[in-house]
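Enquirer: Chain by chain, the residues:
There are 4 protein chains.
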Amino acid sequence: MINLSNRYTDLAIEAHEIFMNSSEAKQQAQEGKTPPGVVIENAGDEDVKITRVRITSRTGEASIGKPMGNYITLEIPELKDNNEDVNKKTIDALARELRDMLKLKEGSTTLVIGLGNWNVTPDALGPKVVSNLMVTRHLLQYVPEHVDEGVSPVCAISPGVLGITGIETGEIVRGVVDRLKPDALIAIDALAARNMERVSTTIQIADTGIAPGGGVGNKRMELSEQTLGMPVVAIGVPTVVDAATLTNDAMDLVIDSLMNESPKDSGFYNTLKDIDRDQKYELIKAALNPFVGHLIVTPKEIDDIISRVSKVVANGLNMALHQGITLDDVGRYIN
Amino acid sequence: MINLSNRYTDLAIEAHEIFMNSSEAKQQAQEGKTPPGVVIENAGDEDVKITRVRITSRTGEASIGKPMGNYITLEIPELKDNNEDVNKKTIDALARELRDMLKLKEGSTTLVIGLGNWNVTPDALGPKVVSNLMVTRHLLQYVPEHVDEGVSPVCAISPGVLGITGIETGEIVRGVVDRLKPDALIAIDALAARNMERVSTTIQIADTGIAPGGGVGNKRMELSEQTLGMPVVAIGVPTVVDAATLTNDAMDLVIDSLMNESPKDSGFYNTLKDIDRDQKYELIKAALNPFVGHLIVTPKEIDDIISRVSKVVANGLNMALHQGITLDDVGRYIN
Amino acid sequence: MINLSNRYTDLAIEAHEIFMNSSEAKQQAQEGKTPPGVVIENAGDEDVKITRVRITSRTGEASIGKPMGNYITLEIPELKDNNEDVNKKTIDALARELRDMLKLKEGSTTLVIGLGNWNVTPDALGPKVVSNLMVTRHLLQYVPEHVDEGVSPVCAISPGVLGITGIETGEIVRGVVDRLKPDALIAIDALAARNMERVSTTIQIADTGIAPGGGVGNKRMELSEQTLGMPVVAIGVPTVVDAATLTNDAMDLVIDSLMNESPKDSGFYNTLKDIDRDQKYELIKAALNPFVGHLIVTPKEIDDIISRVSKVVANGLNMALHQGITLDDVGRYIN
Amino acid sequence: MINLSNRYTDLAIEAHEIFMNSSEAKQQAQEGKTPPGVVIENAGDEDVKITRVRITSRTGEASIGKPMGNYITLEIPELKDNNEDVNKKTIDALARELRDMLKLKEGSTTLVIGLGNWNVTPDALGPKVVSNLMVTRHLLQYVPEHVDEGVSPVCAISPGVLGITGIETGEIVRGVVDRLKPDALIAIDALAARNMERVSTTIQIADTGIAPGGGVGNKRMELSEQTLGMPVVAIGVPTVVDAATLTNDAMDLVIDSLMNESPKDSGFYNTLKDIDRDQKYELIKAALNPFVGHLIVTPKEIDDIISRVSKVVANGLNMALHQGITLDDVGRYIN
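Chains as they are written, first to last, in our numbering: chain H, 1 to 335; chain W, 1 to 335; chain U, 1 to 335; chain Y, 1 to 335.
Treat the hints as calculated values from the structure; they're not laboratory data.
Cβ coordinates follow ideal geometry from the N, Cα and C atoms, glycine included.
Hints may be right or wrong, so weigh each one.
Stated by the list, open to error - Just the calculated beta-carbon pair ranges, DEER-fashion:
| hint | chain 1 | residue 1 | chain 2 | residue 2 | range |
| --- | --- | --- | --- | --- | --- |
| 1 | W | G65 | U | A286 | 27 to 33 Å |
| 2 | H | P144 | U | P36 | 34 to 40 Å |
| 3 | H | I18 | Y | E225 | 54 to 60 Å |
Said to hold, decoys possible - List of simulated lysine to aspartate or glutamate pairs, EDC-like, C-alpha gap at most 16 Å:
| hint | chain 1 | residue 1 | chain 2 | residue 2 |
| --- | --- | --- | --- | --- |
| 4 | Y | K280 | H | D256 |
| 5 | U | K80 | U | E31 |
| 6 | H | K280 | Y | E261 |
Construct all of the structure, not just a fragment, from the sequences and the given hints.
Expert: What follows is the structure in structure tokens.
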């Protein structure tokens with residue numbers, strides 16, 4: 001569910017970058033210290049770059065502005081180009097990271113939730129992933145003899161959004177979880193990134209729980225390992241940038257570029273340096289009024305991109321959850 | 001959810017017609033008796049003909065083959081022609097009958113369920129009705145000052161079907177009902193008719209509960225006033241005829257027509273009379289094998305028809321549930 | 001464009017079967033003669049059975065009821081099951097047969113026409129194939145440096161149907177052909193079969209030209225090698241059976257079965273034998289009135305099937321027209 | 001077809017505003033002169049504000065940057081709110097202005113072209129308008145007895161875009177025009193606005209011809225009264241703002257606001273005044289690289305908005321072209 005209520009990013013990796021650019025972090029770096037409570041691990045290659053961010057303490061939480069837990073980011077610059085080889089590498093990496101995070105026993109039942117609004121193109125990622133998923137729980141229940149070895153029980157729903165159902169998404173998910181009692185919950189969602197280059201090229205996996213329609217600030221609706229007693233993994237792909245954020249960041253680049261061109265200590269340089277960047281952001285929001293929070297920036301080709309990326313994410317899930325089968329088998333299970 | 005597992009109709013009015021044509025019923029009629037346990041009431045006009053069938057006893061149940069309760073049928077021959085006047089009369093009649101059946105107190109919360117598979121055109125009626133519904137529960141909760149007088153809390157979900165979710169539809173609905181505790185439940189579903197002329201021209205309202213995906217015969221999943229402690233109303237529109245039923249009925253017409261043309265007591269007449277109609281039905285099913293239960297007969301224009309009829313049914317619901325507003329207000333509430 | 005105006009099939013292979021069952025053909029067979037003017041050739045295997053019917057004379061035309069020319073049929077019983085291996089074999093066979101029929105020189109420009117109504121699920125095959133096609137003419141014109149070796153100029157339109165555009169489809173195609181002057185024309189269309197088993201399991205390729213919306217009988221609108229001076233190939237897949245035809249054929253099977261069970265020369269046997277099958281067909285049409293020509297029989301899963309089969313047909317075309325590339329390259333060219 | 005190749009607007013009314021803010025125009029105004037070659041006329045009310053801009057000379061062309069001719073703009077702030085009353089007023093005004101511009105004789109045949117890419121939500125306006133159009137040419141040709149008095153022959157196509165068909169859109173339209181020889185051509189297209197407030201609230205009608213996919217600069221493909229010998233009217237609705245333009249304009253607002261707050265002749269004020277705004281625009285484009293020309297800014301609800309606005313525009317056309325009918329009759333003619 002794309003939530004543009006603040007200028008901050010849904011991606012831990014971007015939040016970390018922003019922190020690393022802060023004066024606080026730069027000073028720590030000069031002193032040879034790494035930020036406490038944040039552990040970074042790199043893997044993968046240039047096609048699929050993997051970054052594992054672990055936030056291990058309250059200090060880490062405060063620095064990054066994200067709850068404690070594990071955040072794995074796959075960066076795949078060619079993900080939106082529909083390159084068959086890159087797609088396969090992405091599916092493999094996603095399946096591997098998911099399996100490591102979920103640590104499911106054989107035969108575990110997984111419930112997959114496709115968050116977001118299917119009527120809003122860039123928000124439809126979750127429901128589209130669900131529609132490409134190998135849903136098998138009912139087959140194992142009613143016709144197990146027709147199911148391949150190594151297929152696990154997977155079920156899935158796309159609960160819609162508050163504006164469509166009139167019901168908090170968390171209520172629907174809770175209701176289903178209470179009756180089904182699955183062994184793990186996976187939620188798929190479209191995210192907002194800060195940097196346009198991340199749109200449709202980044203996949204984030206996190207084990208810190210979800211708060212669908214979180215802007216409303218409803219603690220009761222949080223879905224996490226703590227509240228549900230089962231692993232809760234969120235998979236997100238940024239599909240938009242908030243217009244105010246984009247404008248603000250472009251403006252910062254322009255100011256930096258003008259400063260680079262001016263002699264240091266010239267009046268012009270100092271004036272630019274003195275621009276209050278927070279005040280500027282408020283001005284931009286005023287300029288975009290009454291559209292703030294409602295304007296999204298996307299590539300023109302977003303309809304196509306969403307449908308391609310959804311297939312890749314769904315197949316990553318299919319390979320992670322059904323360990324006995326290969327990509328060639330998936331077709332027979334998809335409606 | 002279109003269920004073609006038997007040749008019988010989902011419509012009480014058709015079941016009643018079939019019974020009235022049986023030799024048992026004909027004999028009763030000759031004796032001046034009406035079938036016990038079935039009360040029929042007619043209303044409406046030639047544009048929107050209303051038939052209220054009440055099954056009041058076990059004998060009635062046995063005759064008609066439907067559970068005890070109220071079945072209201074609207075027959076609107078021009079419903080599929082998109083005639084504005086007829087649409088408005090239908091919406092009025094549907095709203096009136098629904099209100100009478102639901103008898104809701106002001107401010108009651110209604111949960112509407114759009115049953116069926118949105119990927120199968122003639123089965124998508126339920127989800128399409130939901131997408132044209134005035135969903136207002138969240139508005140009354142969070143921004144009541146923006147809601148017109150006389151708008152009641154309505155929420156709605158389209159839970160999908162077992163083949164898509166891997167979860168019994170009844171489980172999902174139960175889970176949501178348990179958390180939301182609405183005052184009434186309304187389920188919308190596409191039906192199978194026996195007579196092609198009923199397709200997209202008939203709306204049935206019943207208060208006897210629903211068993212989504214009922215073929216499976218899962219008592220636990222029945223949703224009714226008895227099991228849930230709140231009114232449960234089902235609204236259905238036939239959108240298909242089962243191919244085996246159509247073939248069988250067409251064949252009966254042919255046989256009858258041949259019999260009419262032959263001299264009574266001729267060998268030919270007697271031969272035709274002796275054809276075992278049940279055996280014939282079995283032969284037809286064999287002839288259509290392996291497609292039996294999977295072949296549907298629909299008008300070519302079914303995609304259009306479904307989308308028109310969905311709007312009419314949704315507006316009947318909108319007018320029934322939000323008694324303070326008019327059709328002209330609906331647009332402002334629909335996404 | 002699905003045309004249900006008569007009970008006959010769009011498939012040459014079915015028309016040939018019907019002829020071979022006629023008393024005329026049976027007598028010829030007894031006399032050791034093959035039907036003159038019809039040459040049959042078989043190829044392929046049990047996964048993809050290939051039958052090449054060549055009608056070489058007016059006598060052949062009269063027997064089969066189809067114009068002189070070549071008709072190639074691929075029969076793929078598992079086509080609708082989304083089996084990856086069978087899909088690949090089908091794509092290979094389709095590409096090979098198409099290349100042999102088209103005999104295009106390198107660098108030839110092909111115009112592909114997706115016939116049918118995109119709003120009517122079983123009629124949307126043509127437009128869906130076009131949407132999965134590698135369209136390249138503009139790339140070769142404007143950015144040839146970004147196009148792989150062995151990619152030929154392909155362009156494509158889905159002209160809609162008379163009821164949507166108000167224009168004879170043939171007029172639109174003619175208008176575009178006149179301006180573009182391609183080297184070959186390929187038209188894709190959904191067909192009506194006689195036998196339910198052929199639906200979504202058969203692909204027909206023919207070089208005899210097309211008459212879109214042919215029921216209207218407009219000679220001026222025929223698109224063929226003769227009228228356009230370029231190869232015109234039609235690719236068709238049956239997606240429906242006409243309800244009257246289905247009913248009629250099921251009834252014949254029932255009658256045959258009853259006859260088999262009765263002692264020969266019994267009154268019953270003779271009565272059944274004497275049923276006038278043409279009169280019976282008229283009675284069925286009357287029984288289905290006013291729906292005759294508007295009722296279609298399809299599998300319930302037709303939406304899914306259409307989208308799968310469209311991809312296979314599109315890839316057969318992609319492999320036939322762009323001889324320098326492989327299936328793995330297609331993704332990069334599809335929007 | 002949304003073309004983001006430059007920062008300028010598709011709307012004559014915005015181009016005129018930009019000109020009126022230029023130093024050149026301000027000086028003319030001080031001298032009491034109005035810009036030569038531009039005639040402005042206002043009409044309508046606050047719900048539907050009508051501005052008729054007529055560019056009458058080369059000087060006017062040069063000032064505004066748009067070709068000579070008539071540009072009528074309807075501004076409807078509530079167009080995106082689905083208010084029934086405002087919709088009806090808009091349809092009336094649009095029908096009236098269109099009739100005045102087209103001046104068609106009774107019985108004239110109109111060809112409507114839905115420009116744009118149906119797979120790209122904000123570009124799908126043209127095809128969506130066409131799908132809500134009363135297409136009647138074929139009915140008047142084949143079943144005139146079923147057509148109401150006062151219905152004129154209308155036909156319509158959505159030719160797609162170069163990237164989908166591989167064919168210049170102008171070629172397809174030309175081919176169809178050559179064969180059909182209609183009396184008038186109307187093209188519907190999604191536009192890019194400069195000001196976010198115009199998105200989905202403004203309808204522009206112009207009689208200056210169209211150059212579909214015009215960025216390519218292909219004179220041969222221009223469709224205008226001059227090249228075709230019949231009235232050519234373009235109807236456009238802005239659905240996006242280019243991200244670079246939005247960023248640039250927001251930045252200008254920020255700079256202006258900072259200047260307003262600083263004492264005039266302060267160093268800061270002068271520095272801001274000296275920022276080269278063209279250089280700034282180049283910097284923004286560099287900052288948005290490699291996305292320039294591919295990023296669009298839209299309201300999140302664009303899918304809904306497009307479908308509502310399409311209906312209003314289509315009904316404006318229906319009322320303009322079929323003068324004998326009312327809005328209540330339209331339903332019976334739409335598929």
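Enquirer: Indicate, hint by hint, whether the structure satisfies it.
Expert: The hints, checked one at a time:
1. Judged by the Cβ atoms, the range 27 to 33 Å given for W/G65 and U/A286 holds: they are separated by roughly 29 Å.
2. A beta carbon spacing of about 57 Å between H/P144 and U/P36 contradicts the range 34 to 40 Å that was offered as a hint.
3. The supplied range of 54 to 60 Å is met by H/I18 and Y/E225, whose beta-carbon atoms lie about 56 Å from each other.
4. With a C-alpha separation of about 12 Å, the suggested pair Y/K280 and H/D256 falls inside the 16 Å cut-off, and the hint holds.
5. With a C-alpha separation of about 40 Å, the suggested pair U/K80 and U/E31 falls outside the 16 Å cut-off, and the hint is violated.
6. Distance check on the hinted pair: H/K280 and Y/E261 sit about 13 Å apart at the alpha-carbon level, within 16 Å; holds.
Checked against the numbered hints above, the structure violates hints 2 and 5; every other hint is satisfied.
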